[in-house]
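Protein chains: 2
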Amino acid sequence: MEKWECLFCEEPREVNLFWPFCPRCGQPLIVSFPSKKLSFNLSQLSALEKFQTFLPLPRLEKSLLLGEGNTPLLRLYRLERKIGLDFPVYGKNEMANPTHSFKDRGTAVVIQKAVSLRIKKIGTVSTGNMAASTAAYGAKARLNTFVLLKEDAALEKTISTGIYGAHLIQVKGDYGQLFEASYRAGKKLGIYFANSCDPYRLEGYKVVSFELYFQLKGKIPAYIFVPVSSGGHLLGLILGFLNLRKQNLIGRLPHFIGVQAAGCAPLVRAWEKGEEKVLPVKNPHTIAHAISNPSPPAGQLILKLLRKYKGQMLAVSDEEIMRAQAELASLEGLFCDPASATTWAGLKKWLSFTPARKIANAVLLLTGSGLKDLTPVKERGKISLIPATLPCLEEVLSSLAL
Amino acid sequence: MEKWECLFCEEPREVNLFWPFCPRCGQPLIVSFPSKKLSFNLSQLSALEKFQTFLPLPRLEKSLLLGEGNTPLLRLYRLERKIGLDFPVYGKNEMANPTHSFKDRGTAVVIQKAVSLRIKKIGTVSTGNMAASTAAYGAKARLNTFVLLKEDAALEKTISTGIYGAHLIQVKGDYGQLFEASYRAGKKLGIYFANSCDPYRLEGYKVVSFELYFQLKGKIPAYIFVPVSSGGHLLGLILGFLNLRKQNLIGRLPHFIGVQAAGCAPLVRAWEKGEEKVLPVKNPHTIAHAISNPSPPAGQLILKLLRKYKGQMLAVSDEEIMRAQAELASLEGLFCDPASATTWAGLKKWLSFTPARKIANAVLLLTGSGLKDLTPVKERGKISLIPATLPCLEEVLSSLAL
Chain A
470 MEKWECLFCE
480 EPREVNLFWP
490 FCPRCGQPLI
500 VSFPSKKLSF
510 NLSQLSALEK
520 FQTFLPLPRL
530 EKSLLLGEGN
540 TPLLRLYRLE
550 RKIGLDFPVY
560 GKNEMANPTH
570 SFKDRGTAVV
580 IQKAVSLRIK
590 KIGTVSTGNM
600 AASTAAYGAK
610 ARLNTFVLLK
620 EDAALEKTIS
630 TGIYGAHLIQ
640 VKGDYGQLFE
650 ASYRAGKKLG
660 IYFANSCDPY
670 RLEGYKVVSF
680 ELYFQLKGKI
690 PAYIFVPVSS
700 GGHLLGLILG
710 FLNLRKQNLI
720 GRLPHFIGVQ
730 AAGCAPLVRA
740 WEKGEEKVLP
750 VKNPHTIAHA
760 ISNPSPPAGQ
770 LILKLLRKYK
780 GQMLAVSDEE
790 IMRAQAELAS
800 LEGLFCDPAS
810 ATTWAGLKKW
820 LSFTPARKIA
830 NAVLLLTGSG
840 LKDLTPVKER
850 GKISLIPATL
860 PCLEEVLSSL
870 AL
Chain B
470 MEKWECLFCE
480 EPREVNLFWP
490 FCPRCGQPLI
500 VSFPSKKLSF
510 NLSQLSALEK
520 FQTFLPLPRL
530 EKSLLLGEGN
540 TPLLRLYRLE
550 RKIGLDFPVY
560 GKNEMANPTH
570 SFKDRGTAVV
580 IQKAVSLRIK
590 KIGTVSTGNM
600 AASTAAYGAK
610 ARLNTFVLLK
620 EDAALEKTIS
630 TGIYGAHLIQ
640 VKGDYGQLFE
650 ASYRAGKKLG
660 IYFANSCDPY
670 RLEGYKVVSF
680 ELYFQLKGKI
690 PAYIFVPVSS
700 GGHLLGLILG
710 FLNLRKQNLI
720 GRLPHFIGVQ
730 AAGCAPLVRA
740 WEKGEEKVLP
750 VKNPHTIAHA
760 ISNPSPPAGQ
770 LILKLLRKYK
780 GQMLAVSDEE
790 IMRAQAELAS
800 LEGLFCDPAS
810 ATTWAGLKKW
820 LSFTPARKIA
830 NAVLLLTGSG
840 LKDLTPVKER
850 GKISLIPATL
860 PCLEEVLSSL
870 AL
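Residue numbers (the numbering used here), protein chains in the order written: chain A, 470 to 871; chain B, 470 to 871.
Be aware that a few hints might be false.
Claimed, not checked - Taking lysine-lysine and the DSS-like style, the derived pairs with C-alpha atoms no more than 27 Å apart in a straight line are: (1) A/K519 <-> B/K851; (2) B/K847 <-> A/K531; (3) B/K641 <-> A/K851; (4) A/K851 <-> B/K519; (5) A/K818 <-> A/K779; (6) B/K506 <-> B/K590; (7) B/K519 <-> A/K531; (8) A/K688 <-> A/K818; (9) B/K847 <-> A/K619; (10) B/K519 <-> A/K641; (11) B/K851 <-> A/K827; (12) B/K641 <-> A/K531.
Claimed, not checked - Calculated Cβ distances over 12 Å to all of chain A for the following chain B residues: (13) N510; (14) Q521; (15) G687; (16) L718; (17) E745; (18) N752; (19) W819; (20) V865.
Keep in mind that the hints were calculated from the coordinates and are not lab data.
For every residue, glycine included, the Cβ atom is placed at its ideal position computed from N, Cα and C.
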């Protein structure tokens, strides 16, 4: 088995699937990256095969894959024009993954590792995208899968997770405590809880960085806007570009702009105050449920890395998120969830701080599908149905088609 | 502009975007395929670029694409094992398309054609996947988009179409009459109604056949199971393989098995009676809404082609569809809609008729996502939530994790 390390303390650490956090600083651990020269296998069809040498997967069991990754990078011309940008903006459409979110990339690696270690039971703490993703891959791999949900989990989310046959356990009590309790129970019962900052999940997210590098023809994006919840996704993206730099393929890292919803923005608060520690948010409230994490496990590490690599954290309001979601759909044909829409809202806000800034390009990470949460769109109430009958159809169309 | 023909009458026909049906037999027209030698551009990233020479698109405007196609072909090992098959079964996961259904392939070609002809207004008659797809691509291409819905359209469907900014018109009255009325109004008002059997839509569906040919390393699938509604999708698939045969890349066509829901199976009824004409179904009733088409516009042509190329139509019950949907999710990690699940139910039924049949392989076309219609899963009531509190979490998990 490979080695692990703490990127915060910059020291090696013991491998421990059942508590993958640094005993000193408490931040999530990562898999150490080898220093030998590696190469890509771009002629392969599956994303994990293409980048396998960069992943801690000596063997790849193809029967466990669901077709994750290889997602489109789309130029967002109409959004650019709408606000008069003179640089290209791209959307990385992670909705094209098997369960319609970026989580599938992480779960795919987790499942490879679990099966190679002959682990039969996996679990996750999530109420949304990670729940469905883990349940789907767990089903494909014939694992006994346990999904721990918050007590207020929406029916839509439980249905679209339960269909895969996972055990759905709805737990009353504090979500942060549940996160820790899952590892304790997991260790006792031999259940591998691959939660949001699991080291193998992060390895899966690295692949996004590799794909971006090739989709931009061997260049790095200048700025990457990414929704931040636990911090795991952003951490994985940074690791991917660090890997590329270690291979001398790139000279520097992109600027990462982490975006949170104003109603739950613990990292933005710490960032703006220049603090190193992250205080948990009491009473989080935002429509961007997928990133409503009051106590991000990778928070401190993310702050350190953003400072080191000239990134930034910023917050956007629910109103800005809703408008951004509507613009992504009505101008670019992309119906993503509110969490994804924070990236476009975030880019606009960032420009308003620094209007004269001239940059080479920006990438928005569109992390999940709007289909999984129709409530905010419904409640916004801007969608209207025009009634017609067959005899008056032409008249109705004619009044609209001017 | 290219030439059109009627495949039923086997004669050339005039190009007419506003009524793309044969004046003699009434069946949908197709774009004539050139007889010159063509080649693929497999090194391209987008599916339409890879197969552009096979499509009636002399020019491809890349800013109108949404990353459609290039969908995974997954081996369904666990389904094979469950019923003891001795041949491989593959699922073509069309849920990975931009709006999570196969319709995007057709819409992508329609939009290219509309923009090249300087058409500013497009429309479609649909209550589901085609509505969302047309609205999304219409938004990206800055077209004025009109979606005609049935009066009982579900709120989920209208929200996930309306978000793209299309005009949503809910029309009271017979759905078959609405289909015809849309073309009449379209011709008068200059709205290009790209409905289910539009010749350019079919061109987009051809690309599935090309992808299958390459994903199976230059072989054709032995049997292809496909849900049948209007007949447009199946017709496009057949055209794709006919194109490959005309290029001498394959010797014969796959066997196509068209599957309908028993509660709305006009083609199965005609097939079983050996009739050439298709009678409309009165009172269609099935949970597979995406294929609940009582009067398929391409019906007669499909029957003729299935007879010619040794295919078949068969029907499956709602109960069989629900079971198949649950099996695809819980064994293969694929949460598809009831229409898609008819293919797995159909394969099982087909084997029950012909148990001794030894075939090389089978492909199931998984046409759309289960996320767009959660009601049947909810109503089946097989998903249960296990309640727990933090102190008793370990006990609850332990009782399940044996």
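Against the structure, the hints come out as follows:
For the proposed pair A/K519 and B/K851, the alpha carbon gap of about 39 Å is over 27 Å, so the pair is violated. With a C-alpha separation of about 32 Å, the suggested pair B/K847 and A/K531 falls outside the 27 Å cut-off, and the hint is violated. The straight-line distance between the Cα atoms of B/K641 and A/K851 is roughly 22 Å, inside the 27 Å bound, and the hint therefore holds. Distance restraint check for A/K851 and B/K519: the Cα-Cα separation of roughly 39 Å exceeds the 27 Å cut-off, and the hinted pair is therefore not satisfied.
Distance restraint check for A/K818 and A/K779: the Cα-Cα separation of roughly 18 Å lies within the 27 Å cut-off, and the hinted pair is therefore satisfied. Of the supplied pair hints, the one linking B/K506 and B/K590 is violated, its CA atoms being roughly 35 Å apart against a limit of 27 Å. Taking the CA atoms of B/K519 and A/K531, the gap is near 25 Å; set against the 27 Å cutoff, the hint holds. Simply put, A/K688 and A/K818 have alpha-carbon atoms about 25 Å apart, close enough for the 27 Å limit, and the pair holds.
Simply put, B/K847 and A/K619 have alpha-carbon atoms about 19 Å apart, close enough for the 27 Å limit, and the pair holds. For the hint pairing B/K519 with A/K641, the CA-to-CA distance comes to about 52 Å; that exceeds 27 Å, so the pair is violated. Note on B/K851 and A/K827: the hinted pairing is violated, with a Cα-Cα distance of about 55 Å set against a maximum of 27 Å. For a cut-off of 27 Å, the pair hint linking B/K641 to A/K531 is broken: about 50 Å separates their Cα positions.
The beta carbon of B/N510 is kept farther than 12 Å from every beta carbon of chain A, the shortest such distance being approximately 16 Å. Residue-level check passed: B/Q521 sits 17 Å from the nearest beta carbon of chain A, beyond 12 Å. Its beta-carbon lying about 14 Å from the closest one in chain A, B/G687 satisfies the requirement of being farther than 12 Å from that chain. Separation of B/L718 from chain A is adequate, the least Cβ-Cβ distance of about 20 Å exceeding the 12 Å criterion.
With 12 Å as the threshold on Cβ separation, the claim that B/E745 sits away from chain A holds: the shortest Cβ distance comes to roughly 29 Å. Taking the minimum C-beta to C-beta distance to chain A, about 20 Å, the non-interface status of B/N752 holds against the 12 Å cut. The claim that B/W819 lies off the interface holds: its Cβ sits roughly 24 Å from the closest Cβ of chain A, which is beyond the 12 Å cut-off. Residue placement check: B/V865 does not keep its beta carbon more than 12 Å from all beta carbons of chain A (closest about 6 Å).
When held up to the earlier numbered hints, the structure conflicts with 1, 2, 4, 6, 10, 11, 12 and 20 and fits the remainder.
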